[in-house]
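Those protein sequence lines, which keep their order, are chains A and B. Everything in the first sequence is counted per my numbering, starting at 1 for the first residue and increasing by one. Everything in the second sequence is counted per my numbering, starting at 1001 for the first residue and increasing by one.
Because the hints were derived from the structure by calculation, they are not lab data. The model shown is predicted, which means the values in this text are computed figures rather than measured ones. Just so it is clear, CB atoms sit at the ideal spot from N, CA and C, and this is done for glycine as well. Treat the hints with caution; some may be incorrect.
Claimed, not checked - If you anchor each label on the Cβ, the simulated ranges turn out as follows: (1) B:Gly1039 <-> A:His188: 30 to 36 Å; (2) B:Asn1221 <-> A:Ser21: 19 to 25 Å; (3) B:Lys1217 <-> A:Gly37: 23 to 29 Å; (4) A:His198 <-> B:Ala1199: 45 to 51 Å; (5) B:Gly1087 <-> A:Thr8: 40 to 46 Å.
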Amino acid sequence: MLEARELTCSKRDRTLFEGLSLVVEPGELLYLRGPNGAGKTSLLRILTGLSSPDSGAVLYNGMDISADKTGYYQDLFYLGHKSGTNGSLSALDNLSFWLAQHNVSVPVNTLFDVLEKVGLVGLEDVPVRYLSAGQQRRVALSRLWLKPAKVWILDEPFTALDVKGVHMLEKSMKEHVGRGGLIITTSHQHLSETAGEHRVFDLEYRF
Amino acid sequence: MSLYQGIFKRDMQVAFKQKAELVQPLMFLLMVVTLFPLGVSPSPDTLQRIGPGVIWIAAILSSLMAMERLFRDDFQDGALEQYMLSGMPLPAVSAVKVAAHWLVSFVPLLLLSPLLAMFLNLTVDMYIALVLTLILGTPLLSLIGAIAVGLTVGLQKGGVLLALLLIPVFIPLLIFATSAVDSAALQLPYHAQLAIIAAMLLLAAALSPFAIAYSLKVSQN
């Protein structure tokens, strides 16, 4: 269970949100909506612990995430606007390094299976910089199927993905929720039926 | 432990794929040093007198060029976020990254130093003192520089600000390093200067990883 308590965040003298509380239970998909500049990314970054709120706390299974970082990060998968892949390294190098970094051991075969699933066969040795924007996104997303994380926090995961890619991701989201996983995502396009049931949380733009 | 080896290996891999960025600061250093005989005076005596200072100033300026590379790419492509979410202790990660950066940007400078010493007519005694100060002093440049890089990495055009922040901090190092070489030129002992540089290095090695980690965290906000 991921819980946000009375979060307040302001950027450059503008309050993005104040006293924001929300609870996401396992087996739930929370779809965060709001216009540009409403603070969706800021909220997600606070939920991951990357930035700290002006006041309030984020709790994972009842524990403050700033107190119990390791436990939370073992269960967390975060994909932000930045993909976290190095342009000069290949998809394979990037993924194996990321897996080692996140303490996940995966047999090489699985790695190739996932690369096949995201349609990167034959491109695994090409420096990521030379791939298209959508393919780079797919490299970043393939981590979803490699790390057994319970909590997925996805910031605009559909950016640059083609129709098939969107469908694949929505299907995995539904499967993940079915397994008792927890997802918080933002998107400017509506989630289709493939993504399964979801709760909408609206964030309003404040002046 | 193998995790840190992985970071080290990856940083080396990335560095050697961006060869231009490795070579440019060295070429810059070489050119700055060659400008002095042309601009000041080609007389061997003058060169010998200003030589240690010239090499050290050139090393500091070229290190500023190379310094940005330390966290810039990782910040821009989001790799830094993933480090922070991996549960690895950030100070240890920063220390490994600084070590890899020192190895690729300053060890070539050390290898180049005999050539520079010949350009500037340094005696063998002076050269030995110079190399000792470089061995002790350049890791200090990396460690302190990394704190400032962590602070400025989120800014656009942070390069000039980086220089403004760092140059004053490097003044004590410059004073003790050149004074050691001057003592060597006069056949005087220069242990004291080396000991002070070593003390500064040890202090930086102990504390700066935490400062770097903190500055990187601040940049994420």
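Verification of the hints:
no. : hint                               : in the structure
1   : B:Gly1039 <-> A:His188: 30 to 36 Å : violated (58 Å)
2   : B:Asn1221 <-> A:Ser21: 19 to 25 Å  : holds (22 Å)
3   : B:Lys1217 <-> A:Gly37: 23 to 29 Å  : holds (24 Å)
4   : A:His198 <-> B:Ala1199: 45 to 51 Å : violated (60 Å)
5   : B:Gly1087 <-> A:Thr8: 40 to 46 Å   : violated (27 Å)
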